[in-house]
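The whole structure should be built from the sequences, with the hints applied where relevant.
Each protein sequence line maps, in turn, to chains H and W.
Under my numbering, the letters of the first sequence match residues 7 to 502, in that order.
Under my numbering, the letters of the second sequence match residues 7 to 502, in that order.
Honestly, I wouldn't trust all of these hints.
Pairs count within a copy or across copies, as identical chains cannot be separated in the list.
In silico DSSO-like cross-links for lysine-lysine, where the CA-CA straight-line distance does not exceed 27 Å [said to hold, decoys possible]:
#, residue 1, residue 2
1, K365, K426
2, K263, K235
3, K52, K74
4, K34, K377
5, K351, K293
Derived from the structure by calculation, the hints contain no laboratory data.
Keep in mind that this is a model prediction, so the values were computed, not measured.
There are 2 protein chains.
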Amino acid sequence: MEHVRLMENDNLDTFFNPKSVAIIGATKNPDKAGQVIFKNFANNKKRGIFKGKIYPVNPREVTILGFKCYSRITEIPEELELVVIVVPARVVPQIMEDAVAKRVKTAIIITAGFREIGEKDLEKQVVSIAKKAGIRILGPNCLGVYYSKTGVDTLFLPETKVLTTGDEIIATPRPMFGEIAIVTQSGAFGIAALDYLAGRQIGISKFVSFGNKSDVTETEVIHYLLSDKETKVILLYVEDIKHGRRFLEIAKAVTLKKPIVALKSGKSIAGARAAASHTGAIAGSDKVYDTVFKQTGVFRAKDMEEFFDAGKALSMQPPALGKNIGILTDAGGPGIMAVDECESKGLVVNHFSDETLNKFQELKNQKVLPKFAATSNPVDLTGSVTDEMYEVAVDLMFQDPEIHGIILLGLHHLPALKEKYIDGVARISGRYKKPIVMCDIGETEMALYTRFRFDKLGIPAYPSPEDAARAMNALVQYGQFLIKNSYEKEYLSNFF
Amino acid sequence: MEHVRLMENDNLDTFFNPKSVAIIGATKNPDKAGQVIFKNFANNKKRGIFKGKIYPVNPREVTILGFKCYSRITEIPEELELVVIVVPARVVPQIMEDAVAKRVKTAIIITAGFREIGEKDLEKQVVSIAKKAGIRILGPNCLGVYYSKTGVDTLFLPETKVLTTGDEIIATPRPMFGEIAIVTQSGAFGIAALDYLAGRQIGISKFVSFGNKSDVTETEVIHYLLSDKETKVILLYVEDIKHGRRFLEIAKAVTLKKPIVALKSGKSIAGARAAASHTGAIAGSDKVYDTVFKQTGVFRAKDMEEFFDAGKALSMQPPALGKNIGILTDAGGPGIMAVDECESKGLVVNHFSDETLNKFQELKNQKVLPKFAATSNPVDLTGSVTDEMYEVAVDLMFQDPEIHGIILLGLHHLPALKEKYIDGVARISGRYKKPIVMCDIGETEMALYTRFRFDKLGIPAYPSPEDAARAMNALVQYGQFLIKNSYEKEYLSNFF
Chain H
7 MEHVRLMEND NLDTFFNPKS VAIIGATKNP DKAGQVIFKN FANNKKRGIF KGKIYPVNPR
67 EVTILGFKCY SRITEIPEEL ELVVIVVPAR VVPQIMEDAV AKRVKTAIII TAGFREIGEK
127 DLEKQVVSIA KKAGIRILGP NCLGVYYSKT GVDTLFLPET KVLTTGDEII ATPRPMFGEI
187 AIVTQSGAFG IAALDYLAGR QIGISKFVSF GNKSDVTETE VIHYLLSDKE TKVILLYVED
247 IKHGRRFLEI AKAVTLKKPI VALKSGKSIA GARAAASHTG AIAGSDKVYD TVFKQTGVFR
307 AKDMEEFFDA GKALSMQPPA LGKNIGILTD AGGPGIMAVD ECESKGLVVN HFSDETLNKF
367 QELKNQKVLP KFAATSNPVD LTGSVTDEMY EVAVDLMFQD PEIHGIILLG LHHLPALKEK
427 YIDGVARISG RYKKPIVMCD IGETEMALYT RFRFDKLGIP AYPSPEDAAR AMNALVQYGQ
487 FLIKNSYEKE YLSNFF
Chain W
7 MEHVRLMEND NLDTFFNPKS VAIIGATKNP DKAGQVIFKN FANNKKRGIF KGKIYPVNPR
67 EVTILGFKCY SRITEIPEEL ELVVIVVPAR VVPQIMEDAV AKRVKTAIII TAGFREIGEK
127 DLEKQVVSIA KKAGIRILGP NCLGVYYSKT GVDTLFLPET KVLTTGDEII ATPRPMFGEI
187 AIVTQSGAFG IAALDYLAGR QIGISKFVSF GNKSDVTETE VIHYLLSDKE TKVILLYVED
247 IKHGRRFLEI AKAVTLKKPI VALKSGKSIA GARAAASHTG AIAGSDKVYD TVFKQTGVFR
307 AKDMEEFFDA GKALSMQPPA LGKNIGILTD AGGPGIMAVD ECESKGLVVN HFSDETLNKF
367 QELKNQKVLP KFAATSNPVD LTGSVTDEMY EVAVDLMFQD PEIHGIILLG LHHLPALKEK
427 YIDGVARISG RYKKPIVMCD IGETEMALYT RFRFDKLGIP AYPSPEDAAR AMNALVQYGQ
487 FLIKNSYEKE YLSNFF
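In structure tokens, the structure reads:
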């Protein structure tokens with residue numbers, strides 16, 4: 007499985023690293039997608055981020071934002087690698103003929119109005135023109151690519167909006183650079199994901215919205231990302247999957263190297279019907295998808311929140327090489343909530359071994375831990391909790407070979423608990439090859455501080471005990487897949 | 007069912023409206039619970055919020071924060087209604103004897119170290135002393151009461167904390183006044199709930215943490231809240247329920263007047279074991295709880311997030327009098343996600359009637375809605391969405407008698423959508439007796455603004471399509487319960 011044959015996807019790189027790009031439909035009208043996209047490139051060019059050449063194409067303009075404008079791409083004197091198409095659907099075949107003549111490598115068709123509204127023939131026509139010259143197409147009916155390192159940004163949603171009050175407000179932020187790739191069939195959901203991740207301060211490596219996938223499919227994109235060193239985890243939103251057998255082969259090759267989290271919508275009958283009118287997806291039986299994801303080691307998220315939560319956990323922590331979870335808490339109720347969610351997902355929260363129990367008892371005898379602390383599993387440090395107690399207890403739990411992962415519930419409200427333990431726990435966890443996730447509940451200053459600090463130190467933090475348990479479940483499921491494929495050692499060696 | 011006999015709970019009012027209170031274990035030591043609680047009362051007294059008398063009780067002090075200190079409550083010259091006990095467990099029986107002598111009405115025992123650690127006899131002893139004089143006990147092992155209107159605040163978690171850096175930071179905020187009551191067995195979870203609600207700007211009417219419930223039970227508290235005009239929705243966290251038959255009777259009487267949302271933990275075997283060592287709860291079979299909640303019309307949340315989300319929906323919107331949900335979106339993918347979640351909960355997302363379909367077609371013909379908008383259910387306004395389209399479409403959906411509730415997905419990213427429609431939709435929804443919930447995805451400026459503005463106008467807003475669908479499900483389930491009990495008309499008359 008390691009040496010999966012590279013097929014058609016060896017030229018996808020031009021989508022992310024084009025030496026030259028033309029925006030067909032660039033305009034001076036600020037409300038139009040063609041203006042927003044061209045401005046993205048122009049700004050990134052001026053900032054020195056986009057290092058290639060850029061060409062606005064519009065027969066009615068002479069210059070746009072100071073760049074010489076061309077009527078057709080065939081008039082561009084130099085070589086052209088990527089075209090971004092933002093003109094009405096009926097014009098696209100002609101544009102594609104020009105692209106063939108110009109020998110471009112890749113085309114991103116933002117334009118909607120193809121298969122998703124029944125215009126299958128128009129879509130086929132465009133693809134067949136492109137095929138003649140081996141042009142690869144992303145879309146149509148998509149948002150295309152965002153890659154902060156090279157400044158490719160075909161998102162037609164401007165970063166800010168001016169409200170009716172005149173206030174300018176952040177509307178579609180681009181997240182910072184990071185290790186998660188977003189691959190999405192739905193453009194709107196993709197944009198929403200960027201907004202979510204930016205706000206949660208989670209970075210992304212690459213963003214690809216592929217829409218109707220008339221040519222480049224989800225499978226080819228994840229195949230491309232297999233060898234992308236910047237991508238550690240792939241978040242994949244799909245409404246259907248094309249070429250199932252090929253997906254099975256590629257997805258498994260990818261998940262042996264890096265995790266994929268999938269959000270597959272159109273599960274229900276009404277949902278599948280809605281999907282069909284969205285991107286023309288024919289969803290098929292949802293159970294088939296369950297099987298495909300299971301066989302390929304793709305973690306299927308049950309909803310949007312689990313999608314992001316699992317991605318965050320898998321990008322920050324190693325997989326769990328077993329199902330027995332240790333829970334450490336200073337709050338009884340939330341501890342129970344975490345246990346319930348673990349068990350509902352098939353994880354176990356076993357009693358500790360006698361050895362670990364004895365070590366805890368010793369700590370209680372030495373008055374390092376409170377006399378009435380519960381010290382089986384979960385460990386409840388009670389309302390007397392201090393920073394030191396967390397450090398001592400978490401270290402002891404990491405040492406137990408029967409514990410495969412730790413959920414730390416650090417509710418900050420208790421009086422003697424400060425913030426010192428956060429760095430302490432992160433330092434200790436760095437010494438072990440086991441995953442740890444944490445939860446603090448609350449939406450005001452200290453809760454936000456606690457979670458962001460844990461995140462920053464590489465321990466993914468969540469706002470509810472169940473979220474933390476579900477994140478741990480993703481780490482367990484991924485570990486189970488690697489074990490089944492005798493792959494855990496090689497994988498872990500990448501991690502440490 | 008309407009005239010459920012008032013039993014023992016007619017004197018619970020003193021917990022919330024005491025004319026005088028003594029804090030036994032008040033101290034000058036700022037790290038101690040006795041100091042925090044006394045300071046809460048002293049501050050509220052100084053601010054003119056707490057209008058009764060307050061007495062610190064501590065044999066080793068003469069005054070605390072300027073208030074004359076007493077060695078024992080029997081030395082207090084005036085009448086005493088409420089005692090708050092924050093002294094070690096072994097001393098509590100003697101304190102209770104004094105309380106009997108002093109003829110106090112109610113006692114909040116914050117102190118832990120009773121039944122939850124096996125000291126059942128000590129707990130029984132305290133209760134039997136109190137019974138002699140009819141003193142009602144909240145606790146032990148609890149946080150007691152927070153009621154912002156009268157300034158009763160027995161929470162020993164200070165609002166701010168000083169970190170090791172010297173920075174003072176908000177740690178345990180008290181939410182603003184509102185319509186949701188929090189009733190909780192777990193103190194730590196209760197505190198976390200306050201932090202969550204404060205951050206989300208959701209107000210509370212009363213907070214009651216009852217811990218070991220040696221005397222006052224969850225049933226009595228919800229019974230008390232039945233006639234509390236300030237409480238519109240009750241959020242109940244329990245690990246077990248005492249006196250099941252009585253709960254059945256009271257809970258049903260309450261839910262016919264106001265919704266209860268329950269989070270019952272200890273569902274799993276390991277969870278039940280953890281609960282037993284937390285508050286001494288004997289959880290029993292989880293299926294029994296499912297039945298009890300179903301019979302009484304209590305909405306059982308599957309996790310913390312659904313608990314708060316359902317509470318918010320039920321406090322802001324009327325119940326749905328049917329299961330058919332209309333979905334209005336500007337983003338295909340998230341629309342499908344909402345449909346999937348609705349169907350997974352047993353709601354339906356039916357095709358519209360011909361009449362509604364025709365009306366939508368007319369709007370498309372008039373170019374009020376985009377030509378390619380999907381106008382069955384879900385309605386997808388597409389990337390060309392404007393504020394006006396939302397207003398027109400939502401009004402049309404409200405008019406359809408076959409639609410029982412609306413989920414509006416208002417992803418703010420699309421270029422021509424501003425913020426005007428928010429007030430427009432709220433104005434329109436005010437004309438109909440049907441619930442509406444909304445979702446916008448994102449964690450930066452405009453997403454936060456959009457959700458807060460909808461919340462403020464009484465339309466509960468959620469950060470994911472599935473959260474919105476689950477909130478709608480709570481409104482549907484509650485509606486189903488009211489219909490089954492032929493109660494919907496009376497209930498709705500309270501609402502409008």
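Comparing the hints with the structure gives:
1. K365 - K426: This pair counts as within: shortest intra-copy Cα distance 24 Å, inter-copy 62 Å.
2. K263 - K235: within (11 Å within a copy, 59 Å between copies)
3. K52 - K74: Cα proximity of K52 and K74: one copy only (15 Å, versus 72 Å across).
4. K34 - K377: between (72 Å within a copy, 25 Å between copies)
5. K351 - K293: both (18 Å within a copy, 18 Å between copies)
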